[in-house]
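Visitor: Given next are the chains, with one letter for each unit.
There are 2 protein chains.
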Amino acid sequence: MNDNRPIGVFDSGVGGLTVAKEIKRLLPHENIIYFGDTKHLPYGEKSKEAITKFTTEITDFLVKQDCKAIVVACNSATSNSIDEIKQAANGTLVIDVISPVAKKVAYELHQKIGVIATKATVNSNAYKKFIRKYNRHIQVIQLATPLLVPIIEEGFRNTPVSKHALESYLSNKKLEDIDTLILGCTHYPLIEKEVQSIFQGRVKVVNSALIVVNELIHELEKSNLLGNTKNPTYHFYLSDYTENFAKTAKLFFGKSILLEEKQL
Amino acid sequence: MNDNRPIGVFDSGVGGLTVAKEIKRLLPHENIIYFGDTKHLPYGEKSKEAITKFTTEITDFLVKQDCKAIVVACNSATSNSIDEIKQAANGTLVIDVISPVAKKVAYELHQKIGVIATKATVNSNAYKKFIRKYNRHIQVIQLATPLLVPIIEEGFRNTPVSKHALESYLSNKKLEDIDTLILGCTHYPLIEKEVQSIFQGRVKVVNSALIVVNELIHELEKSNLLGNTKNPTYHFYLSDYTENFAKTAKLFFGKSILLEEKQL
Numbered sequence: 009m010n011d012n013r014p015i016g017v018f019d020s021g022v023g024g025l026t027v028a029k030e031i032k033r034l035l036p037h038e039n040i041i042y043f044g045d046t047k048h049l050p051y052g053e054k055s056k057e058a059i060t061k062f063t064t065e066i067t068d069f070l071v072k073q074d075c076k077a078i079v080v081a082c083n084s085a086t087s088n089s090i091d092e093i094k095q096a097a098n099g100t101l102v103i104d105v106i107s108p109v110a111k112k113v114a115y116e117l118h119q120k121i122g123v124i125a126t127k128a129t130v131n132s133n134a135y136k137k138f139i140r141k142y143n144r145h146i147q148v149i150q151l152a153t154p155l156l157v158p159i160i161e162e163g164f165r166n167t168p169v170s171k172h173a174l175e176s177y178l179s180n181k182k183l184e185d186i187d188t189l190i191l192g193c194t195h196y197p198l199i200e201k202e203v204q205s206i207f208q209g210r211v212k213v214v215n216s217a218l219i220v221v222n223e224l225i226h227e228l229e230k231s232n233l234l235g236n237t238k239n240p241t242y243h244f245y246l247s248d249y250t251e252n253f254a255k256t257a258k259l260f261f262g263k264s265i266l267l268e269e270k271q272l
Numbered sequence: 009m010n011d012n013r014p015i016g017v018f019d020s021g022v023g024g025l026t027v028a029k030e031i032k033r034l035l036p037h038e039n040i041i042y043f044g045d046t047k048h049l050p051y052g053e054k055s056k057e058a059i060t061k062f063t064t065e066i067t068d069f070l071v072k073q074d075c076k077a078i079v080v081a082c083n084s085a086t087s088n089s090i091d092e093i094k095q096a097a098n099g100t101l102v103i104d105v106i107s108p109v110a111k112k113v114a115y116e117l118h119q120k121i122g123v124i125a126t127k128a129t130v131n132s133n134a135y136k137k138f139i140r141k142y143n144r145h146i147q148v149i150q151l152a153t154p155l156l157v158p159i160i161e162e163g164f165r166n167t168p169v170s171k172h173a174l175e176s177y178l179s180n181k182k183l184e185d186i187d188t189l190i191l192g193c194t195h196y197p198l199i200e201k202e203v204q205s206i207f208q209g210r211v212k213v214v215n216s217a218l219i220v221v222n223e224l225i226h227e228l229e230k231s232n233l234l235g236n237t238k239n240p241t242y243h244f245y246l247s248d249y250t251e252n253f254a255k256t257a258k259l260f261f262g263k264s265i266l267l268e269e270k271q272l
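Just so you know, the sequences run in chain order A and B.
Just so it is clear: in the first sequence, position 227 is 235 by our numbering, and no numbers are missing.
Just so it is clear: in the second sequence, position 173 is 181 by our numbering, and no numbers are missing.
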């Protein structure tokens with residue numbers, strides 16, 4: 009039995025595309041519906057109440073599109089609103105971007121884990137809570153690095169601007185002596201190499217997209233939900249159509265995607 | 009006769025505070041109501057339709073608060089939605105941040121004017137249209153510099169990050185041979201000195217806040233609307249309450265301000 013209903017993925021903007029792209033690569037026979045809440049991006053600066061309102065409306069929309077699973081491809085949404093999102097999902101499988109990573113790092117030999125993320129994610133304290141649920145002996149240090157998303161969105165990767173911003177953030181005293189650094193934002197895989205070059209092998213850098221998609225595959229298998237579509241469709245809904253999103257989505261998914269504006 | 013009704017000022021976030029602060033300094037006997045649409049910030053990346061919806065709702069709110077004048081302290085709002093804002097103002101005096109600057113530079117001896125601004129402002133072509141309405145012989149070059157707002161918001165002024173970002177933007181071939189540069193975003197006065205140090209006197213840098221407030225004073229005088237409040241109140245409404253806004257507003261206005269969240 010195969011289930012060819014789509015997998016729903018959402019984020020406030022382009023960041024979640026790093027997760028969606030991994031889904032496309034590792035699950036090439038699945039239809040994907042992506043919702044980018046570009047009208048309200050970035051979530052990283054918004055309050056918990058605002059983020060919860062936006063994300064539960066999106067979840068409701070994806071459930072109505074008959075999604076078999078929903079991937080919350082946004083750390084700010086996960087950390088602030090995962091309980092409300094699960095409630096809105098009403099029994100549909102929900103995979104978030106923090107739990108799978110927390111579980112994985114908690115069972116390896118780490119002593120002091122650093123997390124870089126948006127303000128909303130850091131303020132929620134989510135990584136600390138999630139990791140220490142599995143292993144309460146690990147020290148978890150969270151640092152907000154809010155300039156990294158706009159640096160990535162505006163094409164300043166691999167420039168002196170990204171280099172100096174990363175050096176400034178990563179030389180923060182709080183991160184001294186960490187053995188592992190979690191990239192706690194779905195945008196950050198795009199600057200993974202620059203982060204690694206600053207640490208020069210001294211710190212293990214964890215990119216969560218791959219871990220999250222492995223968890224998705226595991227859960228789909230367990231519940232007999234895997235699909236076998238020969239020509240999958242990739243349908244993108246945006247709450248505010250912008251050229252920037254369209255360009256990035258096409259860069260990640262090729263030109264044969266459906267893109268439309270959708271008010272909730 | 010004095011009119012002590014408040015002056016309404018709005019922006020998507022903290023940028024408009026540079027204008028509000030000039031109003032407070034030059035018109036110390038006026039009450040001010042400031043609306044920061046933090047739920048939808050930044051406007052610079054949103055579509056015209058979205059910006060028009062948000063800004064006409066705010067205008068309607070300020071009219072209902074009995075404001076005697078409304079200052080649109082946001083270039084993205086002015087450039088995309090000024091006609092709709094004026095319609096929503098329903099006869100209340102509206103001052104925007106582009107027309108006064110356009111009029112001023114158009115009547116001075118410039119040949120090639122550069123404008124740096126958000127994407128929304130540049131895409132709207134507003135500076136070019138407004139300036140050439142007064143003087144069609146001036147060449148107007150507009151350049152989107154979207155990373156500057158987050159650099160300012162995140163405290164990276166006067167660092168290698170702002171220096172390299174400005175050098176990268178301002179060395180753009182399009183800006184070659186300009187004699188004047190307009191800071192076309194209400195955030196940019198905060199990095200005026202850094203911009204000037206890159207041009208080293210070769211280019212005249214125009215900070216619009218002062219020009220806009222002079223226009224406001226002129227219009228209030230003309231219509232007999234000046235106030236004489238001894239202890240003016242500064243009331244801040246935010247569509248999404250964030251610590252960042254509260255901190256910045258207090259930095260600009262002192263601690264004795266009223267701050268409250270307001271859904272429209």
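Hints are computed from structural coordinates only; laboratory data are not their basis.
One or more of the hints may lead you astray.
Note that the list lumps identical chains together, so a pair holds whenever it fits in one copy or between two copies.
Capping the alpha-carbon separation at 27 Å, the derived lysine-lysine pairs in DSSO-like fashion look like this [what the hints assert, rightly or not]:
| hint | residue 1 | residue 2 |
| --- | --- | --- |
| 1 | LYS255 | LYS181 |
| 2 | LYS182 | LYS255 |
| 3 | LYS112 | LYS255 |
| 4 | LYS263 | LYS136 |
| 5 | LYS238 | LYS136 |
| 6 | LYS230 | LYS270 |
| 7 | LYS61 | LYS201 |
| 8 | LYS201 | LYS94 |
| 9 | LYS270 | LYS56 |
| 10 | LYS111 | LYS255 |
| 11 | LYS201 | LYS171 |
| 12 | LYS258 | LYS137 |
| 13 | LYS201 | LYS230 |
| 14 | LYS120 | LYS72 |
| 15 | LYS258 | LYS56 |
| 16 | LYS127 | LYS263 |
| 17 | LYS212 | LYS270 |
| 18 | LYS230 | LYS182 |
| 19 | LYS56 | LYS32 |
| 20 | LYS230 | LYS263 |
| 21 | LYS141 | LYS270 |
| 22 | LYS263 | LYS56 |
| 23 | LYS201 | LYS72 |
| 24 | LYS94 | LYS182 |
Visitor: Which hint numbers does the structure go against, in order from smallest to largest?
Guide: 3, 4, 5, 6, 7, 8, 10, 12, 13, 14, 17, 18, 19, 20, 21, 23, 24
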